[in-house]
Each structure stands twice: as C-alpha cells, then as structure tokens.
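With chain A's structure known, arrange chains B, C and D on it following the hints.
There are 4 protein chains.
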Amino acid sequence: MKKFKIGIIGATGYTGSELVRWLQYHPAVTINAITSESRTGELFSDVHSSFAGVADFKLISAADALEMSLDLVFLALPHGVSMGFARQFLEKNIPVVDLSGDFRLSSAAVYTHWYNKTHTYPEGLEMAEYGMPELNRVHIAGARLVSCPGCYPTGSILPLTPLLKKGVIRSGSIIIDAKSGTTGAGVKASETTHFSNVNDNFRAYGLKNHRHTVEIEEKLQEAASRQTSELSSTAVHMPEAGNVDALSHRAHTGTNKGQADNKRDNYQNGTIGPVQFTPHLLPVDRGILSTIYAEPSEAAAGSMTRTFLTDILTEAYVSEPFIRIGKTPPSLKDIRGTNLVRIYADFDERTNRMILVSAIDNLVKGSSGQAIQCMNLMLGLPEATALQSTALYP
Amino acid sequence: MKKFKIGIIGATGYTGSELVRWLQYHPAVTINAITSESRTGELFSDVHSSFAGVADFKLISAADALEMSLDLVFLALPHGVSMGFARQFLEKNIPVVDLSGDFRLSSAAVYTHWYNKTHTYPEGLEMAEYGMPELNRVHIAGARLVSCPGCYPTGSILPLTPLLKKGVIRSGSIIIDAKSGTTGAGVKASETTHFSNVNDNFRAYGLKNHRHTVEIEEKLQEAASRQTSELSSTAVHMPEAGNVDALSHRAHTGTNKGQADNKRDNYQNGTIGPVQFTPHLLPVDRGILSTIYAEPSEAAAGSMTRTFLTDILTEAYVSEPFIRIGKTPPSLKDIRGTNLVRIYADFDERTNRMILVSAIDNLVKGSSGQAIQCMNLMLGLPEATALQSTALYP
Amino acid sequence: MKKFKIGIIGATGYTGSELVRWLQYHPAVTINAITSESRTGELFSDVHSSFAGVADFKLISAADALEMSLDLVFLALPHGVSMGFARQFLEKNIPVVDLSGDFRLSSAAVYTHWYNKTHTYPEGLEMAEYGMPELNRVHIAGARLVSCPGCYPTGSILPLTPLLKKGVIRSGSIIIDAKSGTTGAGVKASETTHFSNVNDNFRAYGLKNHRHTVEIEEKLQEAASRQTSELSSTAVHMPEAGNVDALSHRAHTGTNKGQADNKRDNYQNGTIGPVQFTPHLLPVDRGILSTIYAEPSEAAAGSMTRTFLTDILTEAYVSEPFIRIGKTPPSLKDIRGTNLVRIYADFDERTNRMILVSAIDNLVKGSSGQAIQCMNLMLGLPEATALQSTALYP
Amino acid sequence: MKKFKIGIIGATGYTGSELVRWLQYHPAVTINAITSESRTGELFSDVHSSFAGVADFKLISAADALEMSLDLVFLALPHGVSMGFARQFLEKNIPVVDLSGDFRLSSAAVYTHWYNKTHTYPEGLEMAEYGMPELNRVHIAGARLVSCPGCYPTGSILPLTPLLKKGVIRSGSIIIDAKSGTTGAGVKASETTHFSNVNDNFRAYGLKNHRHTVEIEEKLQEAASRQTSELSSTAVHMPEAGNVDALSHRAHTGTNKGQADNKRDNYQNGTIGPVQFTPHLLPVDRGILSTIYAEPSEAAAGSMTRTFLTDILTEAYVSEPFIRIGKTPPSLKDIRGTNLVRIYADFDERTNRMILVSAIDNLVKGSSGQAIQCMNLMLGLPEATALQSTALYP
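Residue numbers (the numbering used here), protein chains in the order written: chain A, 1 to 394; chain B, 1 to 394; chain C, 1 to 394; chain D, 1 to 394.
Next up, chain A with everything else stripped away, as it sits in the complex:
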C-alpha cells in the first residue's frame, strides 16, 4: 500500500510532538520530515524525551522540507510565523494544515485588530477552510489550506452551533466560562507556567480581550446565520466580513450612554451578539472544560427542557465519531489524551438559562488530533483513521 508522505514543520512545541504521537501509528502515512530551525541536526527525541527509542527522527530545516516531494505538511508554528511558511508550501503545491491562528479569522483587518500584526498572506486567509470537520467536512476535503480551530473555540463552537442553528438562543446572552490546562500556553517556560505559580492554584486571565473571543464570535455567527429551525423566523443579516467594526466590536469605541439598550436592539436582526469569554488557568496539563450559559430565544422559551436540548445535540452529532452527548457533566479525564468532545446540556427552569458543559483535550481535538482529522479528509482517508483511543483515566 502506498503511503502518503507527511511533513511536520515545527517540532519543538506540543502540537508538534502530539502530531508525531498520533501519526507514527497511522497506517496510511509516513512522517518524512520533522523540522526545527533552532535544533536542526538533533534528534526529535532529544527535544521530547518521551520519544527516546520510540521515534528518533533527525530534525531538518524547513528549507530542506520544502525541497522534498511531500503529500501534505502540518504547520506547528507560532502565529505570525506560520503564514510565511504556508505560502511557501502552497507555492510548491503541497497542501497545508495550519495549526496557528494565522488563517482563522474572516479578514486581514480583523486579524490585525486582535493579533496586533499585519497579515502578510491575505490570499491564504481567503482560501483557508476552517478545520472543524463536524461543521465543514466537505470544504475541508477539497481544501489546499486548512486552518485548524483554536482550542477554546473548538470547545465552545461545537456545543453551541446546533442550538444556534435551531435559533433557540437569545442574542447577546452567551457567556463562556472556560478553564484550560497549562499546555495551552505552550512548551516555552514562562512565569505563567512556572510550576509554583500553577500548582495548587487557579486564576482567571485574559478577561474581556482573549484572541479566541473573535474566533468564537465569527464562527458562531456563521452558524446562527444558517438557521434551519422552524422555531426561528428572524431574517438573518450577516455582518460584512472584513469590517472590524462588524459584529459587536463597535462597542470598543462606543460611548457608554444608553449602550445596553442599543445593544439589546441590535441583536435582534440575526446576530448572536457579543459573546462573553473568560478563560482560566487550571493546574492540569491538558484539557479545556467550558461552562456555557445562554438564555432561550423568545421562540424557544416555551420548549426548554434538558431533553429538548439534549435531543438537538444528539440529532446533530449522532453520526460523529468523536462527539458524545452525555447524561452527566463530563470531567477532563473523561477525554484526556483523546480526540473526543464530550458535551452535557441542561436547562435551569428556576433561572431560565441553558447550561452547557463541554470537555476536550486541547492538544488533541483542540489542535493536533483535529488537524489529523482534517488531513484524513484531505487525503481521502476515513476520517477517524488512527484517532481512536480511550481517555487515560486515571
């Protein structure tokens, strides 16, 4: 059997090592290139000790990888760095799965606004498909450049989208209180991830302005705009892509006076309204648990029960290999090390609010696992190939 030749560009980070962890046992691909500019010539296992005697690839430079006839490359690079390499590999006609934030947003302007960087490859942005197979399977399969979702967005978008499509969520009512393990902050030592600052500790960070906020809003807005439910009769007007002030961002420069009322009105014309997103740092390695609050739309007010919500999610995801709608709230260890998304939905009659709880492994479904899921689609392989596993619990 012919195997596809894969390259991993950027091997020293966690997304790089996690790609190797899965791909080395993939029956239809071989890893032909693993690159690192800072450690060229060393072994991959010199960087990641757990691979010693298991995967001792020699690290090459990205420049050398560009000269190989690879079938697909993963870019496991920091945002800002990734876009340049994406262009180079695409110009060599090598399909790219990018794990950075460089191609996730709707326009170069929005990118610049939230990432504080000029986008040097807007054509890439234009052509990139959002790498969330459950919502975008067909486009991924035919894409040359796939942009893998952020970890927080993955855990937020999957539970919310089916409900937004059904029109059961009131505009402006979504609050995502997310808690992440430290690997989300990367492999590089920093004060933030110093053991003594994390162990037996817990904190909120990035209040109000985490970059994943805009990614969540844009993708949820798309979902809401594709409402299919009979519950909703609201006409949908998509905000214009590329306009930074679209969606709710106008508020940044808005005056306070009367703001609340104006907003409440604005949301009525089909937008989901601004999403409140608050990340927290857990003393765990992997995993994001998102507790999501939302209020019922007027159309749905009378129908709300736990069963109603569970049914919508179950129906939406019944055939999905990696999504599980549960009877009880999931814990992080229920998905640790796997590509699974576990979702629990409930409705609190007393407060008139939905509560959704989702759990993903940020390094698998939140990045490298989902990236391989996309790769499988792009290469015409069964989507779940080499991604089946059970959580490491305990």
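Treat the hints as calculated values from the structure; they're not laboratory data.
Check the hints yourself; a few may be wrong.
[Stated by the list, open to error] With the C-beta cut set under 10 Å, the calculated list includes, among others, these residues of chain D facing chain B:
no.: 1; residue: H26
no.: 2; residue: S50
no.: 3; residue: F51
no.: 4; residue: G53
no.: 5; residue: A55
no.: 6; residue: F57
no.: 7; residue: T182
no.: 8; residue: N199
no.: 9; residue: L207
no.: 10; residue: D285
no.: 11; residue: S331
no.: 12; residue: T338
no.: 13; residue: L392
[To be verified] Sample of chain D residues with no beta-carbon within 10 Å of chain C, all distances over it, derived:
no.: 14; residue: Q24
no.: 15; residue: I31
no.: 16; residue: R39
no.: 17; residue: A109
no.: 18; residue: P122
no.: 19; residue: E126
no.: 20; residue: I175
no.: 21; residue: D177
no.: 22; residue: A189
no.: 23; residue: A223
no.: 24; residue: R226
no.: 25; residue: G287
no.: 26; residue: T291
no.: 27; residue: S319
no.: 28; residue: G380
The model shown is predicted, which means the values in this text are computed figures rather than measured ones.
Built from N, CA and C at the ideal position, the CB exists for glycine as well.
Frame of chain A; chains B, C and D shown alone:
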C-alpha cells in the same frame, strides 16, 4: 491576663483542625475542650498528624464538654447534627459559633426544602445571627448563636453586596461560576475526592441545585433590600421570610410557557431575581475562586466602568482588615491559608457585563477563620486578633 | 479472521478498566465478558465514565462468564479472591492470566507469611508461571495459568536481573527506594488516597515489610542463581522453595547479637541477601520510579563504569519491544500510559555504588499491559500486538 | 520597645518573600529595607502578588540599603553574587545572615571545586558560622556572618548527626535518597520547573554530583569527629580543611582497581566515608523528604532497635523548639509552611539497616525560617520568636 475558655465540638474534620491551627496562637483564649465521639480518649494529633508535638490535646466527648464552664464553643459538626448540640450548649448558657449549615437560612421550611431534613431547633434559627462580620458586625457582637456562612456564599456575597446596595445590578442577571478546592468536600474519603478522580482533572457538579444557592440568594436579597444608593429609586419589597416559594423558588413548579417574560417583570419590584450558581471541583486543596457575571441595572447603565465598580467596592471595604480590592484578578495562592478575601471588578463594554472575581480560602475565611473573627467580636476582642497572616505562596 | 474470545473477571478496578482500554483496539481478540458482582447489569461505562459512548459493555456475573466458551480470562480481582476463580476457570479448561498477588510467590507457606492468608489453591501456585515475558517468555507461552508480577517488582526486577546474572552485585547490598503514584492503591476511596492527603504531599510507607519485598527477593534470587557470567565463579545454592525461613527471612526471629557479621558471611554462598525495599506515595496518578543502589561484587569491582553497566543492560534487552536503556534518567511522564520500561544505569566512583533508575507505568507494564503481553504469548500472537503507544507527555 | 532594623537584600526570589512572610509579624524587628536591582522603585507586592495590600514595601537598591543604619541584613541572593555584598555590609559593620551557598564550605578550594567559581571573599569563608542553631547555637549567637545551610543538608544533617556523634553508623554506608519540591529550583521560570514537565511527573536529577553532597559530607564529618559516645573508641583524625582531596574526594581521580577495599579500610580511621546523595524532583511546591539508609557500626551492631535509635534522637533534640521525633514516618504536609523538622527512625533487622525519614519545608527550615532563627540568636532574642506555626494541612 484572664483568658477565655474555648471548646471545639467536633475535632476530626477540617474545620476542627483549622480552628486549632489558629486558636492555639490566640493570645486571649485557651482551648479547653476538643471533642470527638468516635475517637474519644485519643490525641487530637493522632487524628491530625500535622499537630504531633504541636497540639497534642486529649479528645473528650461532647457530653463532658457540656459540663465544663466554657466561655464559648465552636460547633464543627455536620449539618443536622449541629442543631441538637447548639441547643444543649445554649441551654447551658454557653455562646455558640456554629460552622454547619443548620442556622444559615431564613426559616425551617426553607431549610427542609434545600437540606431535605426537618429542623429540630427553629428557635435557634430565629435567634441566629449570620456570621459575616463585614455585613453584620454589630449583631454578631451581641449574639448568643452565630451561624457562619457557607464557603461559596462568602466568596459570592462579599463582592456582590456593595453593588446590590448601590442598585447597579439588573435583577436576574447574576451568574456565579465558582471553582473550589476539594477540602470543601470534607475530610472523609469518598469517590468524589479520591486522588485519581481529582488530580489532573476538573469537573462541574451540583448544577442548578447546590444548597449554597439559596443561602446566596437570601443574603443577596437582604443586601439589595437595603439599597442606599441614589442610583436606585425602585421600591423594595422583601419577600416574606419563611415562605419557600418566595424569591425565585416558585419556578420549581412553574410552567415553562411564557416563563422568561414573567420573570423579567417580576424582578423589577426590588428582588434580585434567581441567581445562577455552578460549582466546580478543582485539583487543589484549598480555595474558592468565583467568577461572577452580572448586567447593569438601567439606572447604572451609563456609569459603568472598571473604576466605577472598583470605587464602590473600595469605599465599602476600605476599613476592613481582611478584604482587598485588587488591580488584577487574584489567584488562589494569593489567599491560601489566610482569612483574606481578594476581589477584582471589571466591566466589559463590548458585552455590557460586569465581571467580578473573588478568591477566598474556604477553610479560613470560608469557615474557621471567619468563625474566629465572629468569636473575637462576641468576646469583645479586636476583630482581627490572631488572624493576621500572609498567604502561603508558593 | 477468527478472533479470540476474552473475559475480564472483575471490572470495577483500575486493572480492569486498563485491560479494556487496550483490548478494545486489539485486532485479534474480542471482549466477550466483563464481570462485576456488585454492579451486575449496569454498563461498564457507568462504572468508568471515560468509556461512555466508547465501550458500553453490560456487566455480567462471573458465574455467567464461567458458562461461556472463552479462550482466555484475565482475573482483575483482589488477592485472596482471585485464587478461587482461577481454579474454577482452569477446571473449565480456560487459560487464566491472574493480576493479583495470589500466585506470585514460591509456596503457600511464604504466601501465608506475607499475605496473612491461607492459600486455598496450592496446585495453582505450583503450576503458575511468572508473567514477566522478558525473563520467562517460553514458559508463559505454554502456560495455563500466568501470574502477573506486582508493579514494584516489575520496576525492580527488570533492571537488576541482567546485572545479577553477570554476578556484578555484592550480596546484601541492594536498596530499592521506590516512588509510586496513587493508582497502585486501587480504585477504592480511602484515607490514604484522599486527595487532600496526597496532593502537594509525599510520604514513605510500608517500611521494612511491604509484600512486594519477598516477591522481589525470590525473583532476583532466581536470576542470581542462573549466573552466566565468567565474572563469577561462586557456586550457587538456591534456598529451598517453600521454606519461609529461606533467603533472609530468618532474620525475622533472629537475635541481634552478631547478626551483621553472620549475614555478611551468609551472602557469600550465592544468595543475593536481603533486599531493602522502601515504597513512597507520590502525588501522581500513574507510574513507579525506582532508585536502586547496589555495590559491586568483588569480581566486578575493577570493571565498574557507567558504560560497563549500560552495556550489560543493553545487551540483555536489545531485542525487547518494551525496554529502553537510556542516556539520562527517565521521568514518569516518559512512560505514562505505555507498556515501556525505561532504565538508566550509572556508577559512582566516589562512593563505589551503582545507581539504577527505572520507570514504569504501574497500570500498564506494572499490571494490565504486561498481562496482555502474556496473553499475546499464550495465544500465539506477536507479543507486542496492540501494546504500542507513546507516552502521554505532557 | 526598641525594634531592630532589618534589611533584606534581594527580594524577588522565594527566600526573599519567605523572609518577609515571617518578619512582618515579628514583634522585635522592623523591615527597613527590601532591595532589588532589577525592579527598584516598584512595590514588593508587584513582584509577589500575595503581599498586595499586606506588605507593599517600596523596593530600593542595595546601594541605598548600604547607607542605612541597619542592625542586620539577610542576603537572599544567588551564590557568587552574595559574597560581594557580604563583604560590603560587614565592612559597614552590619551583621550578615547569608542564605546562599557562598559561605557554607570549608575552604575556597572546595568551593571552587564544587561551585566552579573563584571565591572572592575567603576571609568571609573563614569567619562564617554555619547557621544550624541546633548544632552551632553558641557560635551563631556571637557571629558577624552566618551562613545558612542548604535545604538538602538541613534535612540530612539533623537526623544523622546525633547518630554519628554516638558512633553507631558504619563508615561509607550512608545513602540519602532525597525528594524535593520545585521551589528549591527557585523563582525563575525554566524548562525544569515548567508546569507540564513537573505535574503528574517525577524524576531523579544531579546523580552523583549535586553541590549539596560536599556540604553534607563536611558537616557530617565534623559531627562524627566530635563523637561523644562510649560506643566508639576509634581515634578521630579530621581531614585537613582546605584540601579538596580530603574526605572522600580523592576517589575522583582514583583508579578503580581494588578501590572498594581500599575505601572500606580508609573509613576506619574516623571518617564517615563518602555519602551517596541522590535528589529527586517532586510535583509539589515545598518540602524535602529524605529517606536515609545506613548500616550499624561494629560497635553498635548488637544494640540496634527502633527504640535505640529513637532514644538517641529524642535525647539529642528533646529541648529543641523545632525538632519532632515521631512514632510514624512524617509526610511533607506535616511540616508545610513551618520551621519544623520531623524525623522518624527505624531499624530493619532483616537487612541490618537503619532507615531514617526526615521532612522539612525547604523554604522555611531549609532557608528563610532557619535564617530568622539565626537572626534571633544574633540579636539576643528568644530563638523561636515569630517562628511558631502549625503546618498548612490540608
């Protein structure tokens, strides 16, 4: 100097050991009795190894403690058990500081509803003062029976009360997403607190129906009813105490149809509306971090900024020995082992929501420390006596 | 392809869940029975939440499993309970892989001495093969009853055996300072594994008398008795199996006077001498790291270097699929979740001591993984089938 | 009451913050200077968030502190940096308590050998007193420069010294297997202390050559040389200080041939022989648990029991405010956050070995607490002033 003679009824749990940790260095009291029914005759340090050679008290029975002429007793007992002992010590004319949930709620009926138990000492309920010195100092000083707040309520009520008194929070908009260390679940081994189920893990629990919900709602409602701010002109109608269906609990049996709208209207007459409270279990020993979301009331809509909120809190608590209003969100280690409450307040213009973050040590300010604060008041001692300490960080 | 029908007797513990974690993806077997007496009729995933929607087997009773025509069963039961079931399945002609301690020791008398229990199936003891494939491959392949090694013994025996076979270790000089994660203590909640007693904590336990001591001594003695090295010319006299006082256990009742000298002499006639074994409890889920000290035998005194030791180990294990001899000391995460054994050997000229460091995952190579390795041998399958994986790091 | 004016030179590390944690509540001193060169002008609480609103000292430069009339300074600086400042403060006639490794060893030559640095202040080395009050109380009280012990040495020297003084330990038989929390590695973020590399993990490091080895050996040798016991009649010949090859270090360049035998002989003339010291990194913040193995000397061989050892230790330390000899092995949480040393001693008849287990908090008794104990002595204050506390457990 004459020292007060103190008894600790129930010494095998964490509130018991934490009381000893602080009281043994208190300059104005002596610990004259520590009781345990199951381990009578053993040493306190046989139960709590960290006290070996430090506090080797002999454990006696509660019956023996009742015969001693004590100046005050702490009840560090499970709810349900505590009320009987409270009655006995009070009948002996010994003032009681109770750390259980038995005397926290407004009526025996509410107690039975949430604790699923008959209250056998409703006179105690009637006379008990809520042991939160910052909000109830004068009454505590003169009380015979003080009921110490729950750990979650402490972390929620203190940040919210000054804002509710000023009338700046919209009814029904309060969401408390709280994360607690495992000591809140007590000293007894259980599946919930089994190391392998907690370590490197995280989960939500008690969605919709945790007992602390009603305690939070009742106390916040009291605060709201004492609005002093010129911002609010709404007449305040306190729901009738003792009526289970008061506040928002009616919803339990309400129909769904049109529920949202009715609620929104109901909240206008001075009630705070139902509070959404979701606890989570952190892989840490101590500490509760509460992330609290709320929307501005109409009256306050135009004034909202981070400074506005910080000023209200600072003004309210400027003289408090144990409350700190911070410039950045606190972490649990910033208060670990102390009686401090750290609060951060922010306002998100984009979403039109307040975000409050509070951190307390559930075993200190959330129980035993606050109990000693009450004891100091009851005994006429300076309130902060023996409670000064800096967090154990790292 | 015909698949082998496998039963797992005792599914509520960690060895049970770990067997399922691996076996569900095994290409040549199917899991036909999972039993639990206490939770018969429930789903396996009701007991182990991480299997929800992944492996929802219905739990049956062991009695029902006995009536099925299974090709092999694993006994994932407590010691004492296991021996009875072993007899029953063997009488039905079903091969057994036992994960308890019931069949590990050399005789019923030794068993009774260390496990404080009468052995009810001594014929089983007689026929059981020790399930450590690297040292006993051929016998396992032909066995009807395989007794899987204890977790601590696995991490100690594998690094020491090649050195003992070469005769390079001085009698009586072996000290094993082992540190284990909490899953070694099992799934049942207890004070020992209560989160607050383990988290941010560390302790020694079982000093001098842990049951694994005798297992380690017996198996190391066997290895030493098979010395193949030209380095050693000492005649080997195996202590008589079944005699509790054999090996070094005589000391239990010996007098102290002159004891040290006597011992030092005794060791010369080919026994390894008593092994010092001290376990500790780590605040981690999985993994045993053993730091082993030993002095060179007289014969080896002149040859000792790090290279000398590394070469012996490398030579012994060069073809082993699951053993890695490293250039640096391993950490637990380098093997977390895998069937690997990582070993580092060093020699300290200054102190004239060998230092060996080994790392295993107690639930995989230390129990269920090694058990499956044995199953593969017994069923004539490639030994490493379905056991390849890379550590979950981070 | 007149208070002593104290300076803390170097405030950004953990020893600095820990000094403030204790000194701010000390009744007889005031903190008059806290210095940092990198963050001069900022608040101490900007660096250490847990002090916000608790100890908001302004950071000054060391140069400014030199101009103040301080009664004593602590140097909480890295080794190599400390010696220069020690000289400067001593020249200003200000007594110094140094927490670095700069003044712990016996000579500049030994220092250079193990710290790979030239010692620029050998006069300091000469005059420095080793700051372990239990063994050196009188000299500390009269010292101008006190050198605080390393954290590992503190946990090793205190349990071993009384036994060495009694002559009950065989030369060359001491093995210290020590396990430390991460704060020992300091406040600075590094790969070693990156959360994902420590959490749920464990490893050995510094095998054979950790700097604390020589400190332990030198101090233990001193203890052995002051043997007071009637058990020992061996003449004691102290190795010459300042000679790097003294003690056992000769072995570094020795040939292997016959080495073991030579060593065994050498130890007989009163030296303790080389000490095996192996540190490990625990996934905990604070604490060092040392498991120490040693063999009885010939003189003591007949006397060894647990009681015999416990009695020696109890007798030696019965009046010590911070040492506790326990009935069971201590855990790290039994001393977390305190200045206590907990020691357990046992004897294994079967193997003829002593096992000692000690537990200290590396940041308190292992550094800042012990430093304050020294300060109290130097200032003529009761030694335990402001250092009483009970462990933070849980």
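Verification of the hints:
With 10 Å as the threshold, the beta carbon of H26 of chain D stays out of range of chain B, its nearest partner Cβ sitting at about 12 Å, so the hint is violated. The beta carbon of S50 of chain D comes within 4 Å of a beta carbon in chain B, closer than 10 Å, and the hint placing it at the interface holds. Taken as an interface hint, F51 of chain D checks out: its beta carbon lies about 6 Å from the nearest beta carbon of chain B, inside 10 Å. Interface hint status for G53 of chain D: upheld, as the beta-carbon distance to the closest one in chain B is roughly 4 Å, under 10 Å.
The closest approach between the C-beta of A55 of chain D and any C-beta of chain B is roughly 7 Å, which is under the 10 Å cut-off, so the hint is satisfied. A distance limit of 10 Å between C-beta atoms decides the matter here; for F57 of chain D the minimum to chain B is near 13 Å, and the interface restraint is violated. Nearest Cβ of chain B to the Cβ of T182 of chain D: about 8 Å, under the 10 Å cut. The hint holds. Restraint check, N199 of chain D versus chain B: the minimum CB separation of about 7 Å is within 10 Å; hint holds.
Proximity of L207 of chain D to chain B is violated relative to the hint, the smallest CB-CB distance being about 26 Å (cut-off 10 Å). The interface hint given for D285 of chain D holds, since its Cβ lies 5 Å from the closest Cβ of chain B, which is under the 10 Å cut-off. Below 10 Å, beta-carbon pairs count as interface contacts, and S331 of chain D has one with chain B at about 7 Å; its hint therefore holds. Hint status for T338 of chain D: holds, given a least beta-carbon distance of 8 Å to chain B, under 10 Å.
For L392 of chain D, the interface hint holds, the least distance from its beta-carbon to any beta-carbon of chain B being 5 Å, beneath 10 Å. The beta carbon of Q24 of chain D is kept farther than 10 Å from every beta carbon of chain C, the shortest such distance being approximately 24 Å. The beta carbon of I31 of chain D sits about 28 Å from the closest Cβ of chain C, which is more than 10 Å, so the claim that it is off the interface holds. Non-interface call for R39 of chain D relative to chain C: holds, since the shortest CB-CB distance, roughly 28 Å, exceeds 10 Å.
With a closest Cβ-Cβ approach of about 17 Å to chain C, A109 of chain D is found to remain outside the 10 Å limit, as its non-interface label requires. Non-interface call for P122 of chain D relative to chain C: holds, since the shortest CB-CB distance, roughly 25 Å, exceeds 10 Å. At roughly 27 Å from the closest C-beta of chain C, the C-beta of E126 of chain D stays outside 10 Å, upholding its exclusion from the interface. A Cβ of chain C approaches the Cβ of I175 of chain D within 10 Å, the least distance being about 6 Å, so the stated non-interface status is violated.
Non-interface call for D177 of chain D relative to chain C: violated, since the shortest CB-CB distance, roughly 4 Å, does not exceed 10 Å. Even its closest Cβ contact with chain C, about 16 Å, leaves A189 of chain D beyond 10 Å, as expected for a residue assigned away from the interface. Under the 10 Å C-beta cut-off, the non-interface status given to A223 of chain D relative to chain C holds; the minimum distance is some 19 Å. Against chain C, the non-interface label of R226 of chain D holds: every CB pair exceeds 10 Å, the least being about 23 Å.
Residue placement check: G287 of chain D does not keep its beta carbon more than 10 Å from all beta carbons of chain C (closest about 7 Å). In this structure T291 of chain D is not separated from chain C by more than 10 Å, as the shortest Cβ-Cβ distance comes to only about 6 Å. Distance check for S319 of chain D against chain C: the nearest CB is about 27 Å away, which clears 10 Å, and the non-interface claim stands. Chain C leaves G380 of chain D outside its interface by the beta-carbon criterion, the shortest separation being 37 Å against a cut-off of 10 Å.
Hints 1, 6, 9, 20, 21, 25 and 26, counting from the list given before, are not met by this structure.
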